[in-house]
Structures are given as structure tokens and as C-alpha cells.
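Asks: Residue strings, one per chain:
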Amino acid sequence: MSAANAAGWRPTMGDTTPQGENFTTKSGDYGLMLEEPLSFEIGGREKCGVDLDDPQGAPVAGLPLRKAAPDLPGLTEPETVRHYTRLSRQNYAIDLGPFPLGSCTMKHNPRLNEKVSRLPGFADVHPLQPQSSVQGALGVINELAHWLIALTGMHGVAMTPKAGAHGELCGLLCIKAAIEARGEQRGVILVPESAHGTNPATAAFAGFKVESIPANAAGRVDLEALKARLGPDIAGIMITNPNTCGLFEPDMKAISDAVHAIGGYVYCDGANFNAIVGKVRPGDLGIDAMHINLHKTFSTPHGGGGPGSGPVVLSEALSPYGPLPFTAKTADGVIHLVEEENAQAFDHSQGFGRMSAFHGQMGMFTRALTYILSHGADGLQQVAEDAVLNANYVLRSLEDVLQAPFAESGPCMHEALFSDRGFADGFSTQDVAKGLIDEGFHPMTVYFPLVVHGAMLVEPTETESKSGLDRFIASLRSLAERAKAGDRSLHSAPHFAPRRRLDETLAARKPILVWKGEPGPAGLPSPSEIGDR
Amino acid sequence: MRYLPLTADDRAAMLGIIGATSVDDLFVDVPAEARLSGPIVGLPLHANELAVERHMTRLASQNLSAGSAPFFLGAGAYRHHIPASVDHLIQRGEFLTAYTPYQPEIAQGTLQVLFEFQTQVARLLGTDIANASMYDGSTACWEAILMAGRITRKSRAVLSGGLHPHYAQVVKTMARFTGDTIDARLPELSAEADDAAVIAAIDADTSCVVVQYPDILGRIPDLAAIAAAAQAKGALLIAVVTEPVALGLIEAPGNLGADIVVGEGQSLGVGLQFGGPYLGLFGCREKFVRQMPGRLCGQTVDAEGKRGFVLTLSTREQHIRREKATSNICTNSGLCALAFSIHMTLLGGEGLARLAKVNHARAQAMVARLAKVPGVSCLNTTYFNEVTLLLPQDAREVVRVLADRGVLGGVSLGRLYPGVEGLANGLLVTATETVTDEDIETFATELAGVLA
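So the protein sequences, as listed, match chains Z and L.
Heads up: the first sequence begins at 1 in my numbering, then just goes up one per residue.
Heads up: the second sequence begins at 1 in my numbering, then just goes up one per residue.
It is possible that part of the hints are untrue.
[Said to hold, decoys possible] Lysine-lysine pairs mimicking DSS-like chemistry, simulated, CA-CA at most 30 Å apart:
1. Z:516 with Z:47
2. Z:227 with L:324
3. L:172 with L:324
4. L:233 with L:172
5. L:287 with Z:510
6. L:154 with L:324
7. L:287 with L:154
8. Z:209 with L:154
9. Z:67 with L:233
10. L:154 with L:172
11. L:372 with L:357
12. Z:329 with Z:115
13. L:357 with Z:516
14. Z:67 with L:287
15. Z:466 with Z:484
16. Z:466 with Z:115
17. L:324 with Z:510
18. L:233 with L:154
19. Z:209 with Z:253
20. L:172 with Z:329
21. Z:227 with Z:253
22. L:172 with L:287
23. L:172 with Z:209
24. Z:227 with Z:209
25. L:287 with L:324
26. Z:516 with Z:26
27. Z:67 with Z:516
28. L:324 with L:233
29. Z:516 with L:287
30. L:233 with L:287
31. Z:47 with Z:26
32. Z:209 with L:324
33. Z:67 with L:357
34. L:357 with Z:47
35. Z:67 with Z:47
[As the list claims (entries may be wrong)] One-sided excerpt, in silico: chain L residues whose CB lies under 8 Å from chain Z:
36. 5
37. 96
38. 323
39. 415
Bear in mind the hints are in silico, worked out from the structure with no lab data behind them.
Each residue gets a CB set at the ideal place from its N, CA and C atoms; glycine is no exception.
Whole structure, please, built from the sequences with the hints as guidance.
Replies: If you want it as C-alpha cells, here you go:
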């Protein structure tokens, strides 16, 4: 009998009740809590979910023929559907409840977007078809580009970057190309301490040296410290605004002016654009480049880790250096794909080149444009307002039980930041996060930003209802109180998830990255393989 | 608005609790001169589902979709039949609307899928291990070159002339900024792949040799010979596979000595989608694991000893390692990896081998018929499902006229290598299982008509 049971908690699967009843089932499943072996353990060589001809002709001579088919068991369609459906039920998802990951903008993914992206005219079109046969597809790229430029007040946009970090790379390569074009060498990019990890990683990836700049007591960039560091070796700054503490940088224009004055450029990480879309245009704040995560602000689904899409809006100074290919509409109404061949004709001979094989994440463009057209200019403004309202509601509803480091300086933007200060000895942010899982919620972003101890960053987004937020707030409040009171049952949370806490140290010390077993008899996974104790 | 649950009463009540009089009070940190007072002028206002669907459907109808015409394009993106269950399953909200599995206790579905995906990719490519995906084949190719540089501590990459020119462009773009030396070449219009030229270019400073298999002209290079030559000079062989279905028929690159194998996984489960999102495959030898880019899923146990999966070895990654990370990649191609994995599960190894045979047989039928068109010859002796035809004239115009006649008749080498005169008459054509005898006959007839 576990300590949790003694404290009156519901027994976990495979546990015993306080009365000694055994909760272990014969199948290993518990009602709707379903275990699922690996596909390799239930599949078979003779099984296939696709009916195919078996042509008898000989292959052409001289091929290095495979000695044996790849060693991968197959499944029939009913088995496949069941395998993945059962697995899906072990996931939390925005469709199930709030997913308040700060900086990740987990908002509802409208299903019209999915429907539209699957129209054969978008889904079943090859990237290298003659351009006359894809005018509608090029039209989507062009129309979305127009919106992104208008919403940000910028001059141009590079549509090909495949995710936020790829967009950061695009922006920094534009900066590097612009500096090279001036015949200068500037090797340093400044990055605030609170930045996303991708910022310093991207700067290094693009061949820059990264230097950190400190934050002030109000959680913003220290303008004086920044100015003191500026000089002829500075290529630019990468800044997140609203920043990762969920705060707007009120000195943004002054920061931009200072960086421009020494010949540098300003890159803005647009991960948090959702807070300000339709409320302020980054172009009016002196930004030179900013990526826009279509999978955040513009609702394309995160899909368990991608695909994303990271178009980069560019100032007039950087637009000439943007990557190929891109679209351009001429006076005759024809939309052209500008590639290596016609770059000069479209006055883009200084572009830094191609950064992925084709034209960008078309499947995300159709979804994002559908979303943007649904909201319109007025609806997008409401998006930002409701996102900020929801975050401030969370902040003010919890600041009496959770320490909120910057709450005194005023309202937050789209996310509320708390620390672990005041928890009982030995209790951490991790305990509260895992406790939220038992409460039926996905945890917030934890231990980020690094500038706040035991950070908890809550981004509700605008698609949460007030009653949904009230339930979340009540749960988080109760967990904060338990962490302060030293409720030890939190240490073993989660109790009611498909798995208890997983041993991440073991996974890293002895990496098992692929299945090494042999296919077993169909439908009979070996018990040792599915988690015998 | 249909996506915004807050009512006017809710907003008023929430402002009351916050202690603000209006929502504008919450934007006080935005300088007043930069704050927009109303919707941006000149942009449309909100629209209902019907209106938006109508607009998007009109745009979609301006495209000639592959399924509505005889279709023979490849060159790094391939049209295969995707079983209906694949798209159904990836639209389950638990997969579609989940985030990166940072909380493993409630993300075992995604994590187990990634573990299965990594296993499938490794077995398909013939590598010890594989990661949880990259953006696409071209970016995976550049990341592999960087990884080879870290392993060998050398920075000169030799690219085969058979490497997709867009992949080569991506590599050259990036190398310009990192200072790596790239030794690239154009393909020779000959039946033999460019193996000899590549082998001759390897020297003691070479970190890696990058060879596409099958190559951009559809030919099958001799990877084993190149691997031996690379090894003799202390360089790694990076094999690039843009058509993974080929690996149902021809030997896996890892089994022929490739040290790193990258690929474009779009062929299985993902679809054409006008070029993206696609799926970067990345496999390598186990001893290189700590130099790998991208996310890795690993097996472990939970507090009760049950098998479970987590993201692991994240000390290579940007969110832990920041500027010292092996790559800046964060979001990758999770949902595309799921689609690939479901399609692969439906096929199994034997099914993939059969699918590959069907593709090869369709290509043989296509070659036999098109080579009979007056003035047309086939360059290849070896191929999988794609070959290079030599036409008596510039192929770019031929492709355009064919499209006007309702035939999507391949990719001209002029589109891929603009301005390279020696290649202008080349036409890349592909036949997958989706191509019928009738399609081939229509193509041959129209091609003959255009050339006449």
C-alpha cells in the first residue's frame, strides 16, 4: 500500500487499496486506460494494410538490389487504426483542455483550416509544376505575404523558413548579408538573458559570437547596459517582444534607435506576436526582421512537434537580402515564382540564396490564411486583446498564492509569470507541474525563462473561456497551497496519467533509440517488452 | 466571433478582478504613439466559414492538381497513393493538437510513435539510429555536413553532381556564412553516375562526400565504391535519399557503407502539398549520436517500472545548450513523421518491397513507351522510378506546352539548372504506382505532338 493511499488517495493502476484489494487487471488495461505494445510487437511480416500488385518482370540490370525486404513488420488496416487510436489516447491535447504552455501559444486549431488545406488544388500539387498551372497556390503565398506585411508594418517578407528557428536563421543571414554588402565585418550578436534557447543557438549557427545582455529589475532589457556595449563590432541584437517574462519592452524604439545608430540591425523573435497582433506594428518600433510562427499566432496545429512555419518580415534595409524563392505579382495579374533564374529580372540580385528545397510550408500557408481571413483585421485585434485579458486574469487571480516577480510593475501581456518562492523546503515547480497533470491539465512552461527561479509561465491564449480558466485557476491555486504546506503526495504526482514520472536520467545514460527486438508472433507481445515489473 | 469564447459580460467581470477599466489599460507598456486605435485600414474584416471556404476554394481551383491530369513529376517530391486511414489518424485531435512532448507522462502517444518512427527510419536507411525528424531533406543534408565537420574536424565537403541542385543551393547558401568549403559540380549527361569525379575530388582535408541515391537524374551511384574511397582519406560518406520508396528495391545506403544517411520522407504518408511541409529523415552510426542534430526519443521506465518513452540526450539541443548546441532546430516535422510512420506500418517491409517493385515496373513501362517517341532517348541504364529523357529541343518549353494540353509531363533540367546550356534538353520523368497505362499513352502521344 502506497503512502498516497494512506493519505486517502485513489489507488493507482496496479496498486493495492487500503483494504488490500488488488487493482491489477489480467489484461494490463484499466477501463479506458489502454496499454499499447509497439507496432513491431504486434505486426507480422505477412501482414499488410495496402493491397498491391506483385509484378513479375525482372528489374533493369545493374541495380544494387536489396538482399531482403526491410525488417519491418506490417499491420492490416483495422490493426493499424486501432494501434494509433489507442496510442492517441495517451496524449494530452488542446482539444481536451487548456494547454497553457508559456511562449508556445497553444490555441484552438480551427477545423476549417484543415478542410481547406486538403483541397486537391492545394494538397495534390507538385512544387515544380509549370507556374501557369499553380497560379492559385502562388496566390495563397502572395495573399498571406500581403497580410503579414500589413499586420507588421514591414517592407517585405521571406516565406520559405520552415519554423521559428529557421526564420531566426533567415533574419540573421539577411543581417550578415547586409553587413557584408557594406564591406564591413561585424561578428557579435547581443541576446538578452531571458531569450529562447534558439536565439543564441541560431546566432552561433550563423557564425556570430553571442554576448548576453542583462535585464533590469523590472524584467526588461537594461537600456543603459545595452548602450554601453554597443560598438562597431556589433552586428545587431536579437530581442523578444513581448519578452519571455510576458512583458512588453517599452523602450523598444529607443533600443532600435541605439542599435541603428552604430550601424547594427534589430532582430525580433516574434514567438509572442499573438499578444500584439493588430495592436502595434513591429515596423513602427524600428524592427528590421521578425519571424512569425504561423503555428502560434495563426493557429496552424503543433502536431506533437511540428511542422511549423516561420515567415520573416523584413525592413526596407534588409528586404534586398531575403532568400529565394518568393512570389511577385506583376501588373498583368500574373503571380511569378522568383527563383535563381529570374531573380535579376525581379531586381533581387543581392538575395542571400536558397534556404530550403522548395517554396516554404504551403500546407501551413493555406491554414494560416484561412485563419486570418476568418478573423479579419478586426478579429485579430480582438485575439490580442482577449489573449492579454486572459493572461492578466490568471495573474491577478493567483498572485496572492504564487509569487509573481514582475506583477508590481503593471499588467503582463499574453502570459503570466510566477516563481517557486514560498514553497515548502523540498518542493519545486516540477511538483506543481506534475500535480496539474493529475488535475487534468497540461502543465505550464516550467523553468523558463531562466532569469526567474523555478519559473512557471502560463499562456492561456484567447481561445479559453472564462469558466475554463476559473477551473484551471482553482486547480493551480490548490496546488500552490499544497506545495507551500509541504503535501508530500505531490512528489509522486502524476498518479492518474498513463505513466508515472519517467526516468530521464536512465534514458540519457543508456540510450535506447530504436527497437532492437525481433518481431514476435502476431498479437502476442512479450510481457517483458510491455513493462513487466 | 466563432473562435473567441469570452462574452462581453465575461470581459467586464475579468477587467473588474484585474482592476482595469478597459482592455487598453493592459497595453499601457506599448508607447501610445505606436498603439493602433482601430483595425488596420485596408485589410478585410472578419468573415464566416462559408465565405472563407468559398474564397479558398476559388484559389484552389486555379491549380491543376496532380490527380486530375496524367502526372510524371518527381525531382525530390513524389506522388504516391496514401491510404485513407493515414489522413484520418493524423487528424485525431490528440495527435494534431498536441505540443512537443515535454511532459512525457501525458505524451506517451506521440513519444511511442516517435520511437517507432526512429526504428522504421533506421531500418529503412540501414543505419544504427535515426532522429525524430528534421524540416526536410535539403536542411537535413546541410545539418549532416555540419555534423561531419564536427566529427572529422575538417570543413571541406565534396558534393556529387547527382545531388539535387536545390539541396546544393541550400548547402552553398549556408556555407557562405559558416566558412565551410564546398566543392560542387554539375551532373554529367551520361548513363554512368558521377562516381569517378566525386572519388577524384576527395582529399585529406575532406570532411564528407555527399551523394544522392538514386541521384537527380535517376541513376544509381555505386555507394560502396565511394564509401571505400572516402574512408581511405578519413572522410565520411553522407548518402541523400529523396525517394525512400526506392529502398524497398535497392540496398539501403547504411548497408553500403554510408556513415550518415539523410532523406526526404515526403513520399510516404505526406503528399505533395506544393513543396511543404515535408519530412527530413536523419540516420547515422550509433557512435555519432552525441553529434546528431534534432530531437531524439528514447526508451526508459517510469516510477512503477513500466516501459515508457521520453525525449532524451537533450544536452545536444538549443533549449539546454544554447549557443553550444549541435543545431538551432526546435520545432521539426512531428505530424509528418506520424503520417510517414502510419504509412510505413500499413506497408511493412514486405509491402514496401512490393510497392517499390510496382514503381519500378511502371517506370520500365514508361521508358519503353516514351523512348519510341521520335527524337526521344533515355539517358539511364540504371534507375528506380525516375529517368532523364533527352529531347531534340529545350525541354522547358515542352513542359509548358504539355501543361497547356493537360499533361504534367515531368521537370525540365532547364528549370533545375537555369542557364546551363548542356543540360537544357534533359527532361526528368517519374512513374509511380499512381501512373496508369492510359496516362503513359496520353503522355507519349502529346509529347510526340509537341515535338513534331
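Asks: Which numbered hints are broken by the structure, listed smallest first?
Replies: none
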